[in-house]
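Line by line, the protein sequences give chains A and B.
Quick note on my numbering: the first sequence kicks off at 1 and runs consecutively.
Quick note on my numbering: the second sequence kicks off at 1 and runs consecutively.
FYI, nobody ran anything at the bench for these hints, they're computed from the structure.
Cβ coordinates follow ideal geometry from the N, Cα and C atoms, glycine included.
Among the hints, a few may not be true.
Partial list, computed: chain B residues near chain A (C-beta under 7 Å) [to be verified]:
{"id": "1", "residue": "Phe22"}
{"id": "2", "residue": "Phe112"}
{"id": "3", "residue": "Thr202"}
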Amino acid sequence: MNRKILAIIILFFIPILPIISTAETANLRGIDTPNDNGGSIILEWEVDTEFPRIKSYRIFRSEVTIGDMKPIGNAEPGVNRYIDNKVTRGKGYYYIIQTIYNDGVVANSPMIGPVVPKAQWFDKSLLPTAGGVLIISGILIFFIYHAKSGKKLTIRRIPGLEAIDEAIGRATEMGKSILYVSGIGGIRSMATIASMNILSRISRMAAEYETPLLVPCSDPVVMNIEREIIRNAHMDAGRPDTYRQENVFFITEEQFAYAAAVDGMIIREKPAAIFYMGAFMAESLILAEVGNVSGTIQVAGTDSITQLPFFIASCDYTLMGEELYAASAYLSKDPLLLGSLKGQDIGKLIVIACIIIGVILQLLGYQWFTNLFR
Amino acid sequence: MKRQIPLIISFVCGIFMLIQFFIPHPGFISVYRGILNWARIIGVFALIIGIGTLVRLHFRRITRRSPGWFYSVVVFAGLIVTASAGIIGGTRGKLFVWIFQNINIPLDATMFSLLAFFMASAAYRAFRARTLDATLLLIAAVIVMFGRVPIGDFLWQAVAPQSWVDKVPFLPEQVAEWVMSGPNMAARRGIMIGAALGAISTSLKIILGIERSHFASSSQ
Numbered sequence: 001m002n003r004k005i006l007a008i009i010i011l012f013f014i015p016i017l018p019i020i021s022t023a024e025t026a027n028l029r030g031i032d033t034p035n036d037n038g039g040s041i042i043l044e045w046e047v048d049t050e051f052p053r054i055k056s057y058r059i060f061r062s063e064v065t066i067g068d069m070k071p072i073g074n075a076e077p078g079v080n081r082y083i084d085n086k087v088t089r090g091k092g093y094y095y096i097i098q099t100i101y102n103d104g105v106v107a108n109s110p111m112i113g114p115v116v117p118k119a120q121w122f123d124k125s126l127l128p129t130a131g132g133v134l135i136i137s138g139i140l141i142f143f144i145y146h147a148k149s150g151k152k153l154t155i156r157r158i159p160g161l162e163a164i165d166e167a168i169g170r171a172t173e174m175g176k177s178i179l180y181v182s183g184i185g186g187i188r189s190m191a192t193i194a195s196m197n198i199l200s201r202i203s204r205m206a207a208e209y210e211t212p213l214l215v216p217c218s219d220p221v222v223m224n225i226e227r228e229i230i231r232n233a234h235m236d237a238g239r240p241d242t243y244r245q246e247n248v249f250f251i252t253e254e255q256f257a258y259a260a261a262v263d264g265m266i267i268r269e270k271p272a273a274i275f276y277m278g279a280f281m282a283e284s285l286i287l288a289e290v291g292n293v294s295g296t297i298q299v300a301g302t303d304s305i306t307q308l309p310f311f312i313a314s315c316d317y318t319l320m321g322e323e324l325y326a327a328s329a330y331l332s333k334d335p336l337l338l339g340s341l342k343g344q345d346i347g348k349l350i351v352i353a354c355i356i357i358g359v360i361l362q363l364l365g366y367q368w369f370t371n372l373f374r
Numbered sequence: 001m002k003r004q005i006p007l008i009i010s011f012v013c014g015i016f017m018l019i020q021f022f023i024p025h026p027g028f029i030s031v032y033r034g035i036l037n038w039a040r041i042i043g044v045f046a047l048i049i050g051i052g053t054l055v056r057l058h059f060r061r062i063t064r065r066s067p068g069w070f071y072s073v074v075v076f077a078g079l080i081v082t083a084s085a086g087i088i089g090g091t092r093g094k095l096f097v098w099i100f101q102n103i104n105i106p107l108d109a110t111m112f113s114l115l116a117f118f119m120a121s122a123a124y125r126a127f128r129a130r131t132l133d134a135t136l137l138l139i140a141a142v143i144v145m146f147g148r149v150p151i152g153d154f155l156w157q158a159v160a161p162q163s164w165v166d167k168v169p170f171l172p173e174q175v176a177e178w179v180m181s182g183p184n185m186a187a188r189r190g191i192m193i194g195a196a197l198g199a200i201s202t203s204l205k206i207i208l209g210i211e212r213s214h215f216a217s218s219s220q
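Isolated chain B (complex conformation) (with noise of 0.2 Å):
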């Protein structure tokens, strides 16, 4: 039983979701934002037990002094502080507000910007020519970089010999242009098709029952 029931929910749950994409009606509508609410419920209390969680992790790092101990220190202190000032001047609160404008949104501008220089090191690495795919791999950032700059599209005016730029006055930035439209959208559908064909696969096997990798052998 203990493994009949998750299969029965399951196999009912996955076809009823795929049975009402395809109905209008307002029956299967009701059921269907009844089962996102349930779903939301049940998020809910996860959270509950997620912070539980992460409390636990903290608080034992303190109590063993474990090194870095004093950033738990500050997770206890930016969790006490953030929910109470949540929870007694609501989420539009001055104090709420304030930390998020002032902490929250800085501290993720922070970390988004360390992209530009992860980006920087990585490029360096995927685009050493010491392959064809490497080189030709190189050979397509160039173009897209020097298409994406309004300098490309200034060197090309200024280099090119008169003729051709009244011919193609921005030639970089429409090479680049196809690059991205016609090679790069071809790959990445192709990659989008396998993989909703991937999805639907895996659905499939999880409301048959044949993907029980999730559960337990012992417990079949």
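The shape of chain A in the complex, shown without the other chains (with noise of 0.2 Å):
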């Protein structure tokens, strides 16, 4: 009973007079938490041996050294972290620890302090993320640039890149249209942009060719794009006056909405080509399937792993990942495009060598070079 009328008489006392030393929570430390913008602070404490006596630890906080001390949160005991994630940057804090026991006994830590919160302008924990990019950056421009001095470059046969040719092609022999399906991603992925790139060789030749490609969006402002760089394109054919604007219209943002839509599509149009480039999740079977019955040539493109095993049952030519993005290099032959494809195969072999040191290095213990990718 007396303990506990000395902890209420304690935990009243705590606000005006806060600092009521004893050694059972030792070492409290405040650090301001590194990588960060400024935002928190980390306090860290030893924890006590005789824990399972501990109910629970009560942190204290205050702008100036006496008095004002506010409680701000609690931790669990066997904890020796708590992150103050409610500060002001360039502003002092002091801190103090209560620990509570399971007989009501409080005991304060020393007081510590200002612990001033800073941003920092190096994220260093990125430090290997950053080297990465830089290396395999200086990689690319060095292969891009170097392919420059006209050295002939020699680029594997990629079948579904020469299929595109050969269904534009059929499309035009058969007088039919063309569906050009750039997935449901939005402008932020890359697959939707690699897309674009290909959508600017295919509606050049369509437009060569004066055959009618049709583009349903599920994106509005990737629909806005594409519109662009088909008139571009048209424009580049010396075409302009085959460009049709609603062939390039928007359908719906839900996924198999515009499914249904596309699928639709295929079955009244039946397009004779079908090309599926871009980021694809669960409709991509849906469309791929239709397209597969209706008898169409399909050439489908994706980086998304989930929807590849989809495509290459049911379309004619798939292209897997790095493939969609080597696309436009490919059909247009530039030289300073294909300069960036040896550029990717350097990165790729930087890649498996670092797999196998890593691997090396942790079957002898060292696993400072596997943390570095951590």
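Mind assembling these two chains? They're in different frames, but the hints should get you there.
Following this line, the structure appears as structure tokens:
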């Protein structure tokens, strides 16, 4: 009973007389959270070896050295860390931790402070990522500009990309349209951007052959950009008069409603060729199977790994992952763009080397190398 | 100028977005959030244009009495009723929620359920053991299917010798898990690494203005 009264008295006096120091919560220290925007402070303390007796910890904070200590949070017994997220950058804070025991006794740590949260200009935890980006980018830029020297680069045959000419030719011969589906990814998706680069090549060929190109879109921003791309392709082909703005249209952002609408178009319009290029999810098989049943030549390309098996099963040709990104360079045969493919290959070699080195070092018990990639 | 300005914007924005990823300073974060807000605002206006194209397309179908024009009437009815319910009663209004729960969700579920039948037909084509690749695919698929359904372990425990079952009671499940986490995961990661390098390469080409296929060469 006396201990409870003592606890109440201590709690009562905490706001005005905060420092009733004991050695129970040892080595409390506060540090500015590294690699952040100055929005938090980390408090760490040594866990009392008798922590089964501890009920909880209470954390108090003040902006001045004496008095005005306010409780800001609790920590469970056995926990030795608390992150104070409600701080203002550049301001100093003082802390104490109060240990509350099962029998009601409370003990305060010595007060620490001022701890000043600061914003960092570089997130050091991302240093390996920054290094990787710089190395890979450097290699790519080197090979892109190295290609300017005129040295002929050999690239492997990609049947899926060679089939594009065949598919457009088939549509032209049959007098039917081409359907281009750029997936359900928004403009922030890299696969959508790669898809646009392919669309510009395909639309140019379609414009040259005067073959109608239908582009149903699931994202209005993507639709507007694709309209511009196709209009430019028609201008390049010298046939601005054949550009039909209404052939590039928005359907819906709803995944399955979009799939239903495109399936309907495949059944009604019976296009001679269908291209699926971009980011896809569960609608991929719903689209590709309907296209397969309608007997259309289908070429797909995506980096959505879970959808690749469906496209492989249902389409005539499938571009897998990096082939989607290589398509623009492959189709244009522009030496500068082809140089980037060479750079990508060197990047892959570096990744393979890192994997082998990582495996060997890990087997030998050295973990620092694999930790760089965590 | 028509060519230079978009290239400069691409370069500046691309470099900024690359750098800001590594800088946690509030100044950079606020600019980044501002850019994201611009993207949202542009998206809203683009949506208005998108709905405009949808309306024009279906209006033309109705006026020309194109095949299936009646479905365009359904599109208009759905658009007007749903938009009115949302605008008047809010997105938590009774009618709007009713439309969502009783029309949207069942229709979505219907389309999604079709996937099961499409998977069966695609699997039938893919697993015909005509080539070595297709045979391997078939074997892997059978192993994984047996491992993923309770009857796989049941059959193993019923058919296999008891001494084997005692040693490995859930063999089909374990083999399926090995296929998924071993060869399958290795192939997936290989594709992912290639795609990531391709994405970096495409980004760089756009930032540096080397990839210009989205511009008309006549304007270059």
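Verification of the supplied hints:
Interface hint at B/Phe22: satisfied, since its Cβ lies 5 Å from the closest Cβ of chain A, which is below the 7 Å cut-off. Satisfaction of the interface hint for B/Phe112 is found here, the shortest Cβ-Cβ separation to chain A being roughly 6 Å, below the 7 Å cut-off. Hint on B/Thr202 holds. Least Cβ distance to chain A is approximately 5 Å, under the 7 Å limit.
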